[in-house]
Amino acid sequence: MNTTPSEQISKSPLIELKGVAKVYGKGRAAMHALRGIDLRIDHGEFVAVMGPSGSGKSTCMNILGCLDTPSAGAYLFDGVDAGELSRDQRALLRRNYLGFVFQGFNLLNRTSALENVELPLIYRGTPTGERRACALRALEAVGLKGWETHTPGELSGGQQQRVAIARAIVTNPKVLLADEPTGNLDSACSREIMEVLAAFNSERGITIALVTHDADMAAYAKRIIRFLDGIIDSEEQNGGTP
Amino acid sequence: MLRETVLLAFREIRRNVLRSSLTILGIVIGVAAVITMVTLGGGATAQVASDIAKLGTNLLQVRPGQARRGHSGTRSTGDMFKEDDAEAIAREISGLAAVAPTASQTTQAIFGNKNWSTAATGSTNSYLRVRDWPLENGRQFTSGELRAGKAVCILGATVRKELFGGQNPIGATIRLGKLSCQVIGVLESKGQSSFGTDRDDFVLIPLRTLHRRITGNTDVSRIYVSAQDGVSTKKVEQDVERLMRERRHIASGKEDDFHVRDMQELVSTMTGTTRVLTGLLGAVAAVSLLVGGIGIMNIMLVSVTERTREIGIRLAVGALERDVLMQFLVEAVVLSSFGGLIGIVLGVAAAAVGARLLAVPFIFDPGIVVIAFVFSAAVGVIFGYFPARQAGQMDPIEALRHE
Ligand SMILES: Nc1ncnc2c1ncn2[C@@H]1O[C@H](COP(=O)(O)OP(=O)(O)O)[C@@H](O)[C@H]1O
Ligand SMILES: [Mg+2]
Chain A
1 MNTTPSEQIS
11 KSPLIELKGV
21 AKVYGKGRAA
31 MHALRGIDLR
41 IDHGEFVAVM
51 GPSGSGKSTC
61 MNILGCLDTP
71 SAGAYLFDGV
81 DAGELSRDQR
91 ALLRRNYLGF
101 VFQGFNLLNR
111 TSALENVELP
121 LIYRGTPTGE
131 RRACALRALE
141 AVGLKGWETH
151 TPGELSGGQQ
161 QRVAIARAIV
171 TNPKVLLADE
181 PTGNLDSACS
191 REIMEVLAAF
201 NSERGITIAL
211 VTHDADMAAY
221 AKRIIRFLDG
231 IIDSEEQNGG
241 TP
Chain B
1 MLRETVLLAF
11 REIRRNVLRS
21 SLTILGIVIG
31 VAAVITMVTL
41 GGGATAQVAS
51 DIAKLGTNLL
61 QVRPGQARRG
71 HSGTRSTGDM
81 FKEDDAEAIA
91 REISGLAAVA
101 PTASQTTQAI
111 FGNKNWSTAA
121 TGSTNSYLRV
131 RDWPLENGRQ
141 FTSGELRAGK
151 AVCILGATVR
161 KELFGGQNPI
171 GATIRLGKLS
181 CQVIGVLESK
191 GQSSFGTDRD
201 DFVLIPLRTL
211 HRRITGNTDV
221 SRIYVSAQDG
231 VSTKKVEQDV
241 ERLMRERRHI
251 ASGKEDDFHV
261 RDMQELVSTM
271 TGTTRVLTGL
281 LGAVAAVSLL
291 VGGIGIMNIM
301 LVSVTERTRE
311 IGIRLAVGAL
321 ERDVLMQFLV
331 EAVVLSSFGG
341 LIGIVLGVAA
351 AAVGARLLAV
361 PFIFDPGIVV
371 IAFVFSAAVG
381 VIFGYFPARQ
391 AGQMDPIEAL
401 RHE
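Residue numbers (my numbering), protein chains in the order written: chain A, 1 to 242; chain B, 1 to 403.
Isolated chain B, as found in the complex (with noise of 0.2 Å):
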């Protein structure tokens, strides 16, 4: 009986073929767009996360100024920091990898007839090792050169490409505003960050170097601060904000006038923001599949119209209100799984275009495949439904009386 009444409905499906195409578009539309969005989303979180674990999951920024609450950005109403508090911090604070403090500065950078904007951010070779940066090409600072404050300095790989193109730039002098400078060694390209800056758009100079030769002070803005595999972060972190407390003697009850950023909660604050993100546009997404639902209840709702006299000759015969009802029933649930199936290939095929126009990673999830197809298939159920029963509740000598 149930193989009669799914045969019947493919027949009854196949002789509309415009109609039934027109009648399950919206679900199409509406299953094909939330797996688009679903997956889009999906990928570009994967790639926040992985961006931001890529900058050291054990890693800390201490920085100036109070947190925004909710926010990735720092209200700089604190001082800055100097060398000697990530010396204390280094010296005081068991368990850490290593400590690196930066400060930057934007200038340009001249080589030949070439000129480029770029930061001049001062650091140590530390800073090399909290990235987690490797050198593609030459060498680090040496001690002398960091405690001197030497011209030297390692190129990003976006200045070096503006600057050298092809060229070899290692033992090349290049000028940084006024300051002529010798590249020692060029890093490793890391691309852009999900948050659109290009990360290596810099160049490297000892922190002295930037003190005395371009910024004439001794301000610390930044201090990256890893701890060792296996050490709690939340304990560094503690430990850091009870130091800086007491250097910058911050009365007990007063709110820190600088701020210890957590990799991990970087993470889960930009993948939640994308998250919602998501979650957003499929919900927008899923609206479309219940106008595609209304769409299927108005077509059944035409059709049961239509077909009437076929009604009262069915009920005639000995067809219960059931059986009836299960036909149209039937019906309205294989044209919206139908729908639904080809709102899949679409979407998925969007999905994977997608993902390579936006350069985020394409990652297919089964799960809102199949919660995807069982949606269209509960909206045949639900918008089906009411004009089955109706099908079904007819009056057999009206239904066969009906012109």
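Excised from the complex, chain A in its bound form (with noise of 0.2 Å):
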């Protein structure tokens, strides 16, 4: 397994989540999207988070991706308190150590498959040669070389999850958060997009959550977490092979 300095300094976990909770609105409209969530993640893990529609695994994520700020409890990242961080201190955040995928691709329209990659690079100041040549690696390892100057209307739409995982990973973040990034492709699609995320996993140490309605897509975590109305119901050890 992959470990990383922090991890051999603090041997605290990459992500740990306390007592999260999270409220929508006020009073008698509150919605309790999240009651009280306890979780460690530690550097290089993959965990697949599951769960019935509306038991608040995007409320979470959108958490751990610092989109969002819990209503009470901590959440350390490397043992930093994100609750604590301005808005401007979660986006540095995002842009030097996290990448998203989404269900809806949330690729930029009319611009090339090179340019959506190259996107973070630019918000964090890399040189245009060097930008575009970790571009063109991060499309090379999603399997798209050749697909560069392509528009997302010109993609498949399991081509169009490629270039955003490819976004996601460009800026080699310590942690992928995807959620259902396989939504809304057939199953051919989907085991191709796993079988993409688990390699950055195994081969970069790149720590994943992932949320999935298919039990065959969470197969390839190793431990899968089911959350339920705000809560963690179970959690499992898993193989990591479908």
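The hints are simulated quantities; they were obtained by calculation from the structure and are not laboratory data.
Be a bit skeptical, because a hint or two may be false.
One side only, chain A facing chain B, incomplete, derived with CB under 7 Å [as the list claims (entries may be wrong)]:
#1 67
#2 100
#3 125
Estimated spans, in silico, between C-beta atoms of each pair [what the hints assert, rightly or not]:
#4 B:17 with A:27: 46 to 56 Å
#5 A:29 with B:279: 56 to 66 Å
#6 A:154 with B:284: 45 to 55 Å
#7 A:202 with B:25: 30 to 40 Å
#8 B:386 with A:183: 30 to 40 Å
#9 A:228 with B:19: 43 to 53 Å
Covered stretches of chain B, as calculated for chain A (at least 3 residues, CB under 8 Å) [to be verified]:
#10 83 to 93
#11 391 to 401
All C-beta atoms in this analysis are idealised placements derived from N, C-alpha and C, irrespective of residue type, glycine included.
Reconstruct the complex from the two isolated chains, following the hints.
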């Protein structure tokens, strides 16, 4: 298993949720999306999150991704309390350590695959030449060599999701968060996507947390966490081979 | 990073050429209007100033009646001058180059079957000197002609053209009303004054000829006084005022019943008027710039809403609030400055054409071009800021969920 320096020094988990709750709205209309989540994810893990619709999976992923903040409880990312960070500091955390893959791909339309992948590097201030080289390598890693100039509209769903994955890993993030990445794809495409993700986890040691409804996809992960009504219902270890 | 932002702005603008063009139309029109108005106004001001300067800036006019406040006309409440008033000025005031008493009467000038209504102006050779008006042809009056009030005349260029066409008028005899009069000279053309009057439309005859043969009185309606170079016109003005008060027996404490007008004063009054007018027109034009700015704000707000998802994506991959704000702000500034540039080109072209049509000089003022450009860019910053801030402050999750 891959180890990073911080693991060796601190032995702290990469991600730790302590009693995290999320409430949308106020008073009678309050919607308790999360009701106290305790969760640890270590460096290099591959975790699948499952559970019925509305059980709080996406809410939890958004908090893990620093796109949202918990209403109560603490979120420690590599030992840093994300709840204490400003909006800009959370953006910097996303920029430098986190990668996202969404169910709806969320690529920029009318923009080539290559430029979509370059986007996070632009905000990192990577020089043009290096940026291009990194993006080309990332696209090659997801098996899209030769498709660089195509816009999302000219690509299939599976290819679009590969572009999104390339965009997420081009910065070499510590964590890749994927919220139902195969939700819009057929099972053949879904498997290809899962193979790509599993490869990044095992070869580069990128920690992955992935939401899925599909047990076949969850089978790629080494640990499966089940959500129910805003709490963790059960956890199980998995072989990591489907 | 800034390079990428600017490139991105250009790309977004190019993506929607029609909308971008319509967006900047307001700025284009506003800037073009400001440049045209201010340039034409500046030309007109320069024209007025140079016209008046042509009269000679060391020239004073003494007229009966009080000056109307802030205006060039006079109220005719004072008695007319006589020839000896002019003689007294010439005799008693030092530092003068020439003194020309004048009087004028509208008459018919007739030659053969040609007939032209014009002014018969009676004066001396000093008139030509104070007005700095050379003869194109012929000669001035002799002192004998002046003293005796002989029937001789010098034609203004317009009268010559109307009566003689291309022929040489020297030596010919024309009629001024009932007076038969020999043409001894022709004046050079001065053309239109900036007030629109034809300065060449008169016939100059000896003052005594006018008095005896045309008006039948000895009134002098205006005395031109020109100071020698290096002599202060202010001092001459005071001297003339003192002398005339004395001659007209005006008790101290009572107001003058005549007025001494300084050409320098006239220059500043007249150019002041055109400058105020230019300023007003420029201000009206500047309002259209503001309207253009509101147009940009409107379109940027629409654009921010349309691109909510894009904003969400950018925020998710690590764009800071200020990165997104800059992106939209730069887009607004690029749009408005581009509109400004087009407006400058159009405005300068329109001013060049307009100057030719209005026969005023075209004076290209780089200052106003720079101001217009800076102003249009500033309009982009001011009106682009609010939409750009909205974009930067979006919640990433909500933005990503936006359809
Ligand atoms: N922005 C929001 N405002 C109000 N309620 C929300 C919001 N986002 C999610 N919810 C509610 O929180 C609950 C959990 O949602 P979500 O985390 O999206 O579930 P899942 O991803 O497991 O389907 C749902 O009942 C949902 O309606
Ligand atoms: Mg969900």
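Each hint, compared with the structure:
With its C-beta approaching chain B no nearer than about 5 Å, residue 67 of chain A sits inside the 7 Å limit, and its interface hint holds. Interface hint status for residue 100 of chain A: upheld, as the beta-carbon distance to the closest one in chain B is roughly 5 Å, under 7 Å. Look at residue 125 of chain A: its Cβ gets to within about 6 Å of chain B, closer than 7 Å, so that hint holds up. In this structure, residue 17 of chain B and residue 27 of chain A meet the distance hint of 46 to 56 Å, their C-beta atoms being roughly 50 Å apart.
Between residue 29 of chain A and residue 279 of chain B the beta carbons are some 59 Å apart, a value that agrees with the proposed interval 56 to 66 Å. Evaluation of the 45 to 55 Å hint for residue 154 of chain A and residue 284 of chain B yields a pass: the beta carbon distance comes to about 51 Å. Hint check: residue 202 of chain A to residue 25 of chain B, Cβ distance near 58 Å, so the stated range 30 to 40 Å is violated. One distance hint, 30 to 40 Å for the beta-carbon pair residue 386 of chain B and residue 183 of chain A, holds here, with the actual separation near 37 Å.
Separation of residue 228 of chain A from residue 19 of chain B is about 49 Å and conforms to the stated range, judged on CB atoms against 43 to 53 Å. Only residues whose C-beta sits within less than 8 Å of a C-beta in chain A count toward coverage, and the segment 83 to 93 of chain B has 0 of them, not enough to reach three; the restraint is violated. Given a C-beta distance limit of less than 8 Å, the hint that chain A covers the segment 391 to 401 of chain B holds, as 3 residues qualify and 3 suffice.
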